[in-house]
Amino acid sequence: MKHLIMNASRWLAPALMSGLVLVGCGGTEYESKSFNVGGTVSGLNSGTSVQLTYGDAANTVTVAANGTFQFPKALPFNTAYATAVATQPTNQTCTVTNGSGNARAAVSNITVTCVTNGYKVGGTVSGLDASTQVTLKINDTETLVVSATGSDSQYSFSTPVTAYNVTVSQQPEGGYCSVSNASGTASANVTNVNVSCKAQVTVLSCGAGKVLTGFSGRIGTIIDKIQIRCANVSDEGVVDTASTTDGASVGGDGGDAFGPFTCPPGEWITGVKGGNGWVDSRASYPTSMRSVQGTCSGGSQSPPYNTGGLSAFSYSCPAGKKATGFIIEGVGAYTGFMEGMTCEP
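Read in my numbering, the sequence shown has 254 at position 254, and its numbers run on one by one without any break.
Calculated directly from the structure, the hints in this document are not laboratory data. Virtual Cβ for every residue (Gly too), placed ideally from N, Cα, C. One or more of the hints may lead you astray.
[To be verified] Straight-line alpha carbon distances no greater than 27 Å define the calculated DSSO-like cross-link-like pairs of lysine-lysine that follow: (1) 137 / 120; (2) 33 / 137; (3) 321 / 273; (4) 198 / 33; (5) 120 / 73; (6) 137 / 73; (7) 137 / 273.
[Stated by the list, open to error] Here are the in silico distance ranges between beta carbons for each label pair: (8) 58 / 142: 45 to 51 Å; (9) 108 / 51: 16 to 22 Å; (10) 109 / 141: 33 to 39 Å.
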């Protein structure tokens, strides 16, 4: 028995030693390797980029599209890394998860998630009559009702956004509100989307799918009556002037008929000018329109129907937008002050 044990020890000892040597050699080879470090980026806006680093300022990577990324410099075995955002993309904030550890194998599970920064949008509402309110909407999503609280009412939408477009969703009773600085891209809180309201006005509107192409009316010493003329507009924005028909009107039957004026084929009204008020300081017609003239998209104009007025007016739609109606104040047996135009959104 003793002889067998001794013989066994003779061949087991070298074998064990050989095994230990093999394990030791394998570990040393593994530890001499370097490993790539990377992951994925999501939520990055088109046209922007995010710069990432993992603790070594010289070892950064700029990622300009969603998808996988990899740092240019591999890390030796067991080297610690801590991924961070070196430069944020424009108007976005990116955060890192699974960003730190020790490189014992190739790293591909670092996750960088980017979200668009949002800013509050608001401004001032002015001109609302007491006990009236106007309903505003931003980006056709959030709705906000603003009530009269004196001469001016401050407002702000609650949803942070970047790109914004503010519109009037519902006009105040007996009035009309328009929005200035209505759209843009925010890089900070916006406070200048102002809403100007006028009380006791009548809106002569062409309605959905139509644009303003002309007008007619009656004229004496003042503009006794004005009637809009409207035409169909296609989804591509083509105006069918041949479809022009008379629309809404205000005023009375005094004076003589003038017009109708219609813009040349395919054109539409882009502006209106003239004079409000009587020819002098007499108060016979305190809110009358004295004269009016329209301008078409091609540059031609209607005849100047009458002249003068105590206060000149001139209104136009933003570039590229078609007029859809007139806004007129103080309407009675004659045509009141011209207070503006309604335009395509």
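Exercise for the section: Please test the hint of 16 to 22 Å on the beta carbon pair from residue 108 and residue 51. Expected result: holds, 19 Å
Problem - Agreement of residue 137 and residue 120 with the hint, judged by alpha carbon distance not exceeding 27 Å - result: holds, 13 Å
Handout entry: 27 Å limit on alpha-carbon distance, applied to hinted pair residue 137 and residue 273
Key = Not satisfied, since the Cα-Cα distance of roughly 30 Å exceeds 27 Å.
Exercise for the section: Look at the Cβ atoms of residue 109 and residue 141 and judge whether their distance stays inside 33 to 39 Å. Expected result: The hinted range 33 to 39 Å holds for residue 109 and residue 141, with Cβ atoms some 35 Å apart.
Handout entry: 27 Å Cα cutoff - pair residue 33, residue 137
Key = Measuring from Cα to Cα gives roughly 60 Å; hence the hint is violated.
Practice task
Would you mind confirming whether the straight-line C-alpha gap from residue 198 to residue 33 stays at or under 27 Å?
Solution key: Roughly 76 Å separates the two Cα atoms, so the pair is violated.
Exercise for the section: Note whether the CB distance of residue 58 and residue 142 lies within 45 to 51 Å or breaks it. Expected result: holds, 46 Å
Exercise for the section: Starting from residue 137, check that the Cα of residue 73 is at most 27 Å away, please. Expected result: Violated, at roughly 50 Å.
Problem - Pair hint residue 321 and residue 273, alpha-carbon separation not exceeding 27 Å - result: holds, 17 Å
Exercise for the section: Please work out if residue 120 and residue 73 have their alpha carbons no farther apart than 27 Å. Expected result: The given pair, whose Cα atoms are some 42 Å apart, is violated under the 27 Å limit.
Consistency note: the structure conflicts with the earlier hints numbered 2, 4, 5, 6 and 7.
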